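In case you want the letters, here they are:
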Amino acid sequence: MADWDLSVTVEELGSEAPALSISVTSDLHIGGVILKLVEKTQIKRDWSDHALWWEQKQQWLLRTSWTLEKCEIHADASLVFMPQHKPLRLGLPNGATVRLQACFSGPVFRTLLGICRILNIRHPEELSLLRPLEEKKKKKERDALDEVYDLTEVPLASVSQACLYNGMPAHFADSPQTEAVYRMLSVPQPAPAPELISKQYRAASVVDKAHINSRWLDSSRSLLQQGVQENGRLWLRFKYSTFYNLEPLYDAVRLAQLYEQARWAVLLEDVDCTEEEMMLFGALQYHISKRSLSEPQTVTSNAAMDDLETALLSLEVKLDGDSNTANDMLDNMAAPELSDYLKIFRPKRLTLKGYKQYWFKFQDTGISYFKSKEESVGEPIQQIHLKGCEVAPDVNVAGQKFLIRLLIPAPEGMTEVYLRCENEEQYAHWMAACRLASTGRSLADSSFQSEIQSIRSFLAMQKTHGNSSVPAADDAINPHSLVSPRYQKKYKAKQLTQRILEAYQNVAQLSWNDALLRFLQIWQALPDFGLSYVVVRFKGSRKDEVLGIAPNRLIRIDLGVGDVVRTWRYNNMRQWNVNWDIRQVAIEFDGNVNIAFSCVTADCKIVHEFIGGYIFMSTRTKEQGDALNQELFHKLTGGHEAL
Amino acid sequence: MDDIDAMFSDLLGEMDLLTQSLGVENEPPNAITSPPEEVNLSPGFTDLNESLYELEDNDLDVLMADLMADLNATELKLAVDIENLKVPPSSSASQPPPATLPPAPQGLSSYDASILPSPVSLQGDVGTPSPSHQSPLPPPQHAKPSMEEIEAQIKADKIKMALEKLKEAKVKKLVVKVLIKDGSSKTLMVDERQNVRDVLDNLFEKTHCDCNVDWSLYETNPDLNLERGFEDHENLVEPLSGWTRDSENKLHFDEREDKYEVFKNPQNYYLWKKDKQTLKDMRDKDKELLIEENFCGTSIKVPDLEGALYLREDGKKSWKQKLFLLRASGIYYAPKGKSKTSRDLVCFVQFDNVNVYYAKDLKSKYKAPTDYCFVLKHPQIQKDSQYIKYLCCDDPWTLNLWVTGIRIAKYGAAFYNNYKTAVKKTSSGSAWANRITSSTGSSPSPAPSPSLSAKHASQANGHATKPQPGPVSQDMGMDAPPPPPPPPPPPPSSGSFPPPPPLQTSSLPPPPPLTHSSLPPPPPLITGSFPPPPPLPHSSLPPPPPLTHSSLPPPPPLTHSSLPPPPPMQTSSLPPRLPPQARLPPKPACRGKQPPGPLPSPLPPPPPMDSLPPPPPPPPFPDDATEAPPDFLPPPPPMTSGPASPPVRPPVVAPPPRASFRGGSRNQSLPPPPPDPEFLPPPPPPISISSGGGGGAPPPPPPPPPSPPSGSSGRKTAPPPPRRTTPVLAGRGGGGGGGGDGEEGNFMSELMKAMNKKRGED
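As they're listed, the protein sequences go chains A and B. Position 41 (the first sequence) corresponds to 41 in UniProt numbering; numbering is contiguous. Position 303 (the second sequence) corresponds to 303 in UniProt numbering; numbering is contiguous.
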């Protein structure tokens, strides 16, 4: 067989170096080519990650036992010999960028598995990679440059389940730098400046949202095949809205990133919500960022030791420690008391009585008041039980107004009572006590102090409302950072603080993890949650319509009205096909319902992947644990390339 | 009935005595009356009597037991209260206040509260009860354990007790009457810690219904024409405390299809827009999928309801139609002329502070467009008010859709979990029911609420939700004081038992003798007798309690029979006080397999001992006790026969041990059992008795055990039985009337007789 020359560019020699030419025969297999090539470079190094890339055909030559002939490579082919793993800049849901080694040769799905292993994100099948928005790139790149977290040095973990070391996967514990990266990954970022939110691109319509979905990479092809270059920029996002088995213990990064994605979805109005919901989201964000400052990541909720046994244990320890009698212990257990002069006002129709001052005493979950401190031994003028009541703040720091509005349930209806405090400190204490009492907890509750603290910081938030720029003190948060631009415009910071504070009441007791989970729950409970839109044209229809792809169903939306026209559930689906030639998706449902459409804003492969992906997600079961059936995934999402 | 009245007044007198004997402080007589008031919902003490009339016989026993237990507890509390806050009965104090705000509902809680702050000192608390405990401790000398250890243990125990008491003291209890479909009613005591599921379980046992998931407890409010089914996870006491004193509200126990309909046919709710036929033809597989999608994910999905409903305008008589939408975060409406996109929606109500009620007949009452209305209001609002939101739907189905949707939004995962639990109950329920019918009854469940002892019992059953080791000790503590008097017996035992006199005395006079013979190692006895200390002793004492148990098991039956004589005494005395325990145990024991139970019985005894040595009284009691639990169960027949009683008890006793007192090491500690074995031999004859007497107990004939343990020679039989019996009694007595043995015994026996009589009449 005749020898012929094959020219191969070796990346290691530099881009300027001429291609090497090696003499081969057609029956030489790829492995042999690589061997010859390496010998010729005379460079000693580890070549094991290298492979041949066929530039013209845009494909990898990964089967080393195939001959050149079988690969149909002739003398005109120009091959490149390069590493399969190269650095990639990855935009995370939290806005940060990490640089890490990713596989450029395998299907994106496998690349993704590798990335998630490095980042320690479980259930990588729920994520995918997409191209960033082009326009943004320029602006963003400037800032992005400095805040790239480098993980390229991190060795690829061979163990699938990373073992924890110091509360983080072992490969992060290597150096202080990587530890910092892990912190960035697993702890939600501080609230963004309001301007940042309003500057971000917001999808204004369903069609805009549909365009985002055209940017997903094809899971079946490699990065290089899809034109992603070394050091290229991609986004990592949760693509399928079914989050399997979220477990705070193992999912620190996953939860944090999911939360970030959800938060941005809310802030950018990617998913619609009502004003009340927005305020609750704001309160949760506030709470979470507070907590992530105070509670470092290892968050074991330090809730009150309800358990008698635990309480006893600590009691005994204490007993041993000092010889105090049990008496003291019990004294300590007695609820702290709160008493002071406050002013009370009962708004009743047609009465304009002012505030009257009394001596107030907080006991257990109720308030009693007396004419004066001296008379507080006797019968109170009145006792107010706060359990189940609504507590609302009415505060104006600038105007030195500190009102607690109580709406107290009684058989005849609700009674309104206002308590007026003199100053912030007094207000913080009484407000905290009222809030606890409304949920049936007494001052003895362990959360009393933290409640006071959080009220103080809310007051601080109001103080700083003047400058809408970046908050000066690090624990002051601009309320405008917690809501979408719509509400930034609608409310002044002061009003917003009030609203968020009201919503905050219901979540103030949550631990960091619980707050995170609550945020995700509320997000997932939004009616529009989990819908990925694609503009399509149904067979036989003349106008564009929107197909919404949800975890359990497809919906057809009339673009004009915005109403849902039809819903098809996957469990009624018999089969779906893609005609790759005419780029049409055809689906058959039970009862002989057939639909077919072509995709306008996204490739039909993307729609195909969405549908197949959701079906794959629904096949996950507890029994199979964390094991991922890659083959099935490819079967369901691969389309013709998988064959 | 007169009898009962008389008994009640007796009881009161008794309590008075008791409290005095407690030495806590002299309490004004009215203090005694007050407790019931607190306990009762609307009624005062007299009401209680009235309601008692209405009770079914079966309930009476239970209730009595509960009451006694409760009285005992309240008594203590009161004493403390009085001591510390010279305030008269707290309940009254809190309510009177002029206040515009109706504190009424809170009365109960206020009284609880008072206790907490009160500077109850450890000593104070523990002290009173502990006398008996302490005495036991000293003896430990036999035990090799180091003094320090023991002391440490004692300390720990005291703390435990004190903590338990503090906890216990705060528990609110209510006596409630539940109306049943057939027009009858059941009265039971519910405590703050019980959720609706627990109460339903009680009712299942009491009514022998089919236990299906539709059974629910719901309240009706005739003032407002409202009704609402309680959710299984809800605490029952809380909403009931919101009722006004003169409330006409009623509590019903009935099947309600809508309770869990959404889980049976989720498609009707989640796919309500589809046509009826498709929904009807829905495959089970698809239904399951719907449930999974909406309830098993990381977040609960609320059916996306939207539609025009009529809203009753504030204060006006007109109803206005609006487009309402249900979201997880609340109900919204779309203002006129605005779109129904999320951002334009106006929040109508959020669910944090309101419950959803079905409203009846608003068409006539408020001129509603239809009769299919629902209402959202704060649970404490009981009268018409501007804070109540009335909505009206076009048809019953829409109404159901909305109410269910709101429940999903409000309760989320808890709602589904309730259903799963209910289903489990149903499947296990039938089996249970069978067992139940055969022997004991329901009493156990109710019991838990009332007193510590009750709890204990519940543990034994296995149901027990709250494993509290402490309770037992507490009981003892409380009971203990009174009992002291009886001690006489000790002397006999002394021979065999070195340390003991005091201890034994306190615990069980009669038994000692027996024990001597049977029990070689004295220590065990001691332990048995002194509940409190036991833990320590156990550990320290070489004699492995467990072993004894094992050996004992077989004997139990025998013992029963053999014991007959002694039992009566014990039974009589104890029954009154610790009813709860007594009842509870029975279940486990009685139910078939448990025959072995008897053996264990010996163990339990210890507690009883403390409580009441006294004795002899009324044999009938025991029977009652045993029977009582079952509610319907067996017939009273045995009552009269003294002998019969013994058998009964054994079963009762037995259960506890088995049931496992996890908390209490005591079980293990109970050495007493050994005696039984020896004892057993003789018993055979008695067996017959047993069968006659205790419905459940009879079976046990097993073998007489090898008298094993260390070969203590002479002592035999007699002692053990008593203990067992005693325990039983103790269990029941719950209440505490330890004071005069004689009196108490008489009183109780009278009560029993009266009850029996009543039954007989029936």
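The set of hints was computed from the structure by calculation and includes no laboratory data. Only a predicted model underlies this, so the values are computations on that prediction, with no experimental measurement involved. For glycine and all other residues, C-beta sits at the position ideal for the given N, C-alpha and C. Be aware that one or more of the hints could be misleading.
[To be verified] Between beta-carbon pairs, the in silico distance windows are:
#1 V377/A / E151/B: 26 to 32 Å
#2 K365/B / L196/A: 42 to 48 Å
#3 D384/B / E375/A: 33 to 39 Å
#4 A398/A / K365/B: 30 to 36 Å
#5 E153/A / M282/B: 55 to 61 Å
#6 A586/A / D394/B: 58 to 64 Å
[What the hints assert, rightly or not] Using 20 Å as the maximum straight-line C-alpha spacing, the simulated SDA-like pairs for lysine to any residue come out as follows:
#7 K172/B / R441/A
#8 K622/A / N294/B
#9 K301/B / R110/A
#10 K301/B / R441/A
#11 K273/B / V417/A
#12 K371/A / V417/A
#13 K287/B / V417/A
#14 K336/B / V561/A
#15 K285/B / T619/A
#16 K389/B / M414/A
Structure-based check of each hint:
1. V377/A / E151/B: 26 to 32 Å: Violated - the Cβ-Cβ distance for V377/A and E151/B, about 40 Å, lies outside 26 to 32 Å.
2. K365/B / L196/A: 42 to 48 Å: With a Cβ separation near 56 Å, K365/B and L196/A fall outside 42 to 48 Å, so the hint is violated.
3. D384/B / E375/A: 33 to 39 Å: Given a distance of about 37 Å, which is inside 33 to 39 Å, the answer is holds.
4. A398/A / K365/B: 30 to 36 Å: 49 Å, violated
5. E153/A / M282/B: 55 to 61 Å: 56 Å, holds
6. A586/A / D394/B: 58 to 64 Å: 40 Å, violated
7. K172/B / R441/A: 16 Å, holds
8. K622/A / N294/B: Holds - the C-alpha atoms of N294/B and K622/A are around 18 Å apart, at most 20 Å.
9. K301/B / R110/A: 33 Å, violated
10. K301/B / R441/A: The hint is violated at about 30 Å.
11. K273/B / V417/A: 45 Å, violated
12. K371/A / V417/A: With a Cα-Cα distance of about 17 Å, the restraint between K371/A and V417/A holds, given a limit of 20 Å.
13. K287/B / V417/A: Violated, at about 49 Å.
14. K336/B / V561/A: 17 Å, holds
15. K285/B / T619/A: 15 Å, holds
16. K389/B / M414/A: 13 Å, holds
In the structure shown, a violation is registered for the earlier hints numbered 1, 2, 4, 6, 9, 10, 11 and 13, in ascending order.
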